[in-house]
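Peer 1: Please work from the sequences and hints to get the whole structure.
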Amino acid sequence: MIEIIDKLVLYFQYPFVRYAVIVGVLISLCSSLLGVTLVLKRYSFIGHGLSHVAFGTMAVATAMKLTSRLLLVLPVTAICAVLLLRSGQNAKVKGDAAIAMVSVGALAIGYLIMNLYAKSSNISADVCSTLFGSTSILTLTKTEVWACIVMSIIVIAVFLLFYNKIFSVTFDEDFAAATGTRAKLYNLIFALVLAVIVVLAMNLVGALLISALVVFPAISAMRVYKSFKSVTICSVIVSVACASLGILLSILAGTPVGSTIVAVDIAGFLVFYAINVIMTRGSVK
Amino acid sequence: MAQLTCMDISLGYEGHKVASGISFSVNEGDYLCIVGDNGSGKTTLMKVMLGLTAPASGQVLLGDGLTDSEIGYLPQQTEVQKDFPASVREVVRSGCLNRCGLRPYYSKAEKRMADENMERLGLAPLAKRCYRELSGGQQQRALLARALCATRKIILLDEPAAGLDPKVVLEMYALVGALNESGITVVMISHDIAAAAKYATHILHIGNGSLLFFGTKASYLESKAGSIYAGHEGVQA
Ligand SMILES: Nc1ncnc2c1ncn2[C@@H]1O[C@H](COP(=O)(O)OP(=O)(O)OP(=O)(O)O)[C@@H](O)[C@H]1O
Ligand SMILES: [Mg+2]
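Respectively, the protein sequence lines represent chains A and B.
The letter at position 201 of the first sequence is residue 200 when you use numbering that gives the first Met the number 0, and the numbering goes up by one with no holes.
The letter at position 86 of the second sequence is residue 85 when you use numbering that gives the first Met the number 0, and the numbering goes up by one with no holes.
No wet-lab data here; the hints were simulated from the structure.
A few of these clues could be false.
Stated by the list, open to error - In silico contact screen, one side only, chain B against chain A (beta carbon under 10 Å); selected entries:
#	residue
1	50
2	68
3	69
4	70
5	74
6	77
7	85
8	89
9	94
10	97
11	99
12	128
13	129
14	142
15	146
Built from N, CA and C at the ideal position, the CB exists for glycine as well.
Peer 2: Written out as structure tokens, the structure is:
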């Protein structure tokens, strides 16, 4: 035990480890905020589709040798978020099909472009790290950390300011719209925030694992808690705890950061599932 | 000008026509009952009045300075997802949202109003319960309390009596009646013609794809449409 602590103390002297933890905590916090609404609105797949779009755009940005890739990735992802959300609501165009088309398309094009233009000899490693995050979180620069902090603050502020509106629109969009709440506007804001989170989270867990970060804490919390507020608070705590634990484990064991965090999230879900089973058994008796 | 005017509205879904030629207006303080058979288009009409669905043709005008943030609404059906975590209190309070404007949180007065409305509908003991785990009638009461919170000038109710036990139905009618006395306009879809005859000032009857009647209650009960509909229930004005 002491050995492990010593090892951690040693690691924490390196700035890149501290950056990784800060970024990890912030991203997991932000992603869990939207998770509840996303799960409830059956939008989980939009988050997934968006992450593929972000991957494709990242590939294009790399091929174009942009210095700050974020400037391309963020707007493109945001536009796709709005479009996907629209199509999800439109009964005529099957929302599912649209999302599948966009996400698989972006994935394929992204990989194609990476292959065509990438100078580096190790394409598969590049692709792998964009998709699964691998060790990229440990190579964050100071600017990236600051960008992450600023965007997280924006996400948290938007969520806190619109908390009641988000609840009402998620719970019953018709009622909200009928009684003068601008439901469409809040859906739009929601889509934009989601895009920001996806782009942020790509740094942490890679494109393919983002939805896990968004969805697991929310469904864990929903096993045990029954009000929107308690579920939101609980999923934030679960998400931050799992992400921190995951990062520490990955540092100690040398495993890829993204998949370790997701594995911890899955373990967290199992714990909450068990708690739920025990609780319902207990109340029946 | 009237608070709400419908001009030559046609209702329809993607080419399939439900009803047409509907014109009427609702004035401040009116109590309008909308009656008609199942599937005649009452719910659709109410959604058109609220701007939730576009009419196939025609126009809906809000007047008398009425804005949509002064409207209360009780939908006929709410598709709430199976495991939506929401306490009754959270649901009822969300009715206060249209009073907030840009203010992010509910004021003390709004929270108190939500509590009062829960009290009025006997929901106080259920305040912390999960909405999804309530019975159908209890859910209906929670949505009614939410609608009351949202109401400032006009309330639109789509079959408010559905699922309520007889005692609560009477209380509900009395409550809405009192609301109307205090100057709030009421628009109610109802199959309960006896209650309509007791409280309503105006009746709108749709059926057979068109407007069968619109006018005051007294003239409705004398009219042909009214005598057919109300006749076999032996309603007296
Ligand atoms: N979303 C929809 N898409 C297509 N058709 C619809 C839709 N909603 C309703 N309809 C059709 O429109 C017609 C009117 O429906 P509406 O719900 O307005 O009836 P209603 O008068 O409220 O009936 P009830 O008394 O049963 O509540 C029905 O024939 C119904 O089949
Ligand atoms: Mg109806």
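Peer 1: Taking the hints in turn, state whether each one holds.
Peer 2: Going down the list of hints, with the structure as the test:
At about 7 Å, the closest approach between the beta carbon of residue 50 of chain B and any beta carbon in chain A falls short of 10 Å, and the interface hint on this residue holds. Nearest Cβ of chain A to the Cβ of residue 68 of chain B: about 3 Å, under the 10 Å cut. The hint holds. Interface restraint check for residue 69 of chain B: the shortest CB-CB distance to chain A comes to about 7 Å, inside 10 Å, so the restraint holds. With its C-beta approaching chain A no nearer than about 5 Å, residue 70 of chain B sits inside the 10 Å limit, and its interface hint holds.
Here the hint on residue 74 of chain B is kept, as its CB sits about 6 Å from the closest CB of chain A, short of 10 Å. Checking residue 77 of chain B against chain A: minimum C-beta separation of about 5 Å stays under 10 Å; hint holds. A hinted interface residue such as residue 85 of chain B counts as satisfied when its beta carbon comes closer than 10 Å to some beta carbon of chain A; here the least separation is about 5 Å, so the hint holds. The beta carbon of residue 89 of chain B is positioned within 10 Å of a beta carbon in chain A (closest approach about 5 Å), and the interface hint is therefore held.
The criterion of a C-beta within 10 Å of any C-beta in chain A is met by residue 94 of chain B, whose closest approach is roughly 7 Å, and the hint holds. Taking 10 Å as the C-beta cut-off, the interface hint given for residue 97 of chain B holds, the closest approach to chain A being about 4 Å. Because the smallest distance between the Cβ of residue 99 of chain B and any Cβ of chain A comes to about 7 Å, under 10 Å, the interface hint for this residue holds. Because the beta carbon of residue 128 of chain B sits about 8 Å from the nearest beta carbon in chain A, less than 10 Å, this interface hint is met.
Against a cut-off of 10 Å between C-beta atoms, the interface hint on residue 129 of chain B holds, since the closest Cβ of chain A lies about 4 Å away. Taken as an interface hint, residue 142 of chain B checks out: its beta carbon lies about 8 Å from the nearest beta carbon of chain A, inside 10 Å. The interface hint given for residue 146 of chain B holds, since its Cβ lies 8 Å from the closest Cβ of chain A, which is under the 10 Å cut-off.
Of the hints listed earlier, there is not a single one the structure fails to meet.
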